[in-house]
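Residue numbers (this note's numbering), protein chains in the order written: chain A, 1250 to 1497; chain B, 19 to 303.
Simulated from the structure, these hints should not be mistaken for laboratory data. Treat each hint with caution, since some may be false.
Partial pick of chain B residues on the chain A-facing surface, computed with a CB cut under 7 Å [said to hold, decoys possible]:
id	residue
1	Glu201
2	Leu202
3	Ser205
4	Val206
5	Leu208
6	Arg210
7	Phe213
8	Pro220
For each residue, glycine too, the CB sits at the ideal point set by N, CA and C.
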Amino acid sequence: MNASAHPLHLPRGHAPAAVSLREVTRRFSGRTVLNEVSLDFAPGEFVALIGKSGSGKSTLLRALAGLDDGVDGEGRISVPQDRSVLFQDSRLLPWKNALQNVVFGLRGADADERGRAALADVGLGGREDAWPNALSGGEQQRVALARSLVRQPRLLLADEPFGALDALTRIRMHELLFRLIRQHRPTVLLVTHDVDEAIKLADRVLVMEAGRIVVDRPVALAHPRLKDPHFEALRGDLLAALGVSDAV
Amino acid sequence: MSLITYATGFQPSAETERHPVGTQAARPPQLAPSRLPRGGILFGPVALVAIWELASRIGWLSPKFLAAPSTAVLTGIELLSNGTLADHFLASAQRAYLGLGIGVALGLGMALAAGLSRIGEASLDGLVQIKRAVPTLALIPLAILWLGIGEAMKVALIASSVLVPIYINTHAALTGIDIRHVELARSVGLSRGAFLREVALPGALPGFFTGLRLAVTTCWTALVVLEQINTTEGIGYLMNRARDYGQTDVIVVGLAIYAILGLGSDFAVRFWERRALSYRKALAS
Chain A
1250 MNASAHPLHL PRGHAPAAVS LREVTRRFSG RTVLNEVSLD FAPGEFVALI GKSGSGKSTL
1310 LRALAGLDDG VDGEGRISVP QDRSVLFQDS RLLPWKNALQ NVVFGLRGAD ADERGRAALA
1370 DVGLGGREDA WPNALSGGEQ QRVALARSLV RQPRLLLADE PFGALDALTR IRMHELLFRL
1430 IRQHRPTVLL VTHDVDEAIK LADRVLVMEA GRIVVDRPVA LAHPRLKDPH FEALRGDLLA
1490 ALGVSDAV
Chain B
19 MSLITYATGF QPSAETERHP VGTQAARPPQ LAPSRLPRGG ILFGPVALVA IWELASRIGW
79 LSPKFLAAPS TAVLTGIELL SNGTLADHFL ASAQRAYLGL GIGVALGLGM ALAAGLSRIG
139 EASLDGLVQI KRAVPTLALI PLAILWLGIG EAMKVALIAS SVLVPIYINT HAALTGIDIR
199 HVELARSVGL SRGAFLREVA LPGALPGFFT GLRLAVTTCW TALVVLEQIN TTEGIGYLMN
259 RARDYGQTDV IVVGLAIYAI LGLGSDFAVR FWERRALSYR KALAS
């Protein structure tokens, strides 16, 4: 119950936090998956959350997305109403074409127009009528990214969005996400297994273990991050925190 | 592909003939049968008709036992040209499709009620499962007592047997909806009405079509049985009367018409299904 025992990152400056969690706990059939997590994200902050499988990182994301009702737990969560979720699988509806998928659930007379613009933003202008079946895995995930961003969310929750893509497509997606996030400036929580991906994209990296945040580090590296002389040191620290040594 | 082309186009030299296995790879054993060429499925039916015709011509098959296909074709043309066949055909088709239409509407309505509400499922699902266990034929006595021996009884029984496959398949598709799509709908803040329209119903469409394909077959099966009861027109009546007169050629004509109608209905449903679910074939096209 002692909140000060846990890392508590205060928002920078005086802006109110975009996202705030206080002693958030979640249990699945008696097993504690999130253990009194308290966090604050500043508006526009890009936070990466890494951790081993089963460490609770997806549970944290789902709690922020409001997709965990029926799950046992307590704590206070404050998140913006306008938030988008980017899932690991693109979750396109197979009976809707690319444009219809992008504007899925979007209201307003200009929805189609905004959808077309969002598709063009992810490099799929002209593919509005394509069925999801006819798109490659990377293209499907770009449609999903367009669907997330067309809503102009104040919070983007991305749950290992590039985990199922091949290595080359993933690099292209990093560049795309980075560019689009700079345009729209939402607060971002990116859950990932990939330490390099986290350092490349985020302003701040959290490491989760057994339901707690055990590392909370700002990423003070220059872009492109992989070229920064301090990249290797940070990468080594984070891998060590995950209990992995990169010996090869 | 290239291996097969190589094997068939390969001219063995004297050298390789002496070491057929060692120097050149033998054609790999074919483990799974290759695909049938277009229309290959017709081989069995055509062969059967040919043997049947031959057996009739050389006198192994008496016309009293079974008429020759050629005789049946001639009889069919004759019945068609004097208008008898058209009347009976229309009477049968009307019964079948009226029953089919009512049954599909009822089955769909019940599947939606049971698939989308708990009270609907509690009220309807058990009843349909019980109905499914009772053969249609067993309901004939009661249906005759309630509805008489006329058209109403026949259409009602066809509808009641059609309802079952429509209900079972549509209901299963509605309740088996992908939880990931439900989460997505929640994350974009979809209303319940929009969810039904944009996710639940399109998601259940493949199940409905599976049910419909079974239903068109079921409706013809039910028709055949019901047309044996007190009819003065219809393909079944035509066949019954032919039995009394020993006209095996007319019976064969009736069987052929049932087969054509059944296959035709199935083809029509598949055509409609392909168009409605065209998104599934995006990769192949």
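Cross-check of the supplied hints:
Interface hint status for Glu201/B: upheld, as the beta-carbon distance to the closest one in chain A is roughly 6 Å, under 7 Å. Interface hint status for Leu202/B: upheld, as the beta-carbon distance to the closest one in chain A is roughly 5 Å, under 7 Å. The criterion of a C-beta within 7 Å of any C-beta in chain A is met by Ser205/B, whose closest approach is roughly 4 Å, and the hint holds. The closest approach between the C-beta of Val206/B and any C-beta of chain A is roughly 3 Å, which is under the 7 Å cut-off, so the hint is satisfied.
Against a cut-off of 7 Å between C-beta atoms, the interface hint on Leu208/B holds, since the closest Cβ of chain A lies about 5 Å away. The interface hint given for Arg210/B is broken, as the beta carbon of that residue sits about 12 Å from the closest beta carbon of chain A, more than 7 Å. A distance limit of 7 Å between C-beta atoms decides the matter here; for Phe213/B the minimum to chain A is near 9 Å, and the interface restraint is violated. Nearest Cβ of chain A to the Cβ of Pro220/B: about 4 Å, under the 7 Å cut. The hint holds.
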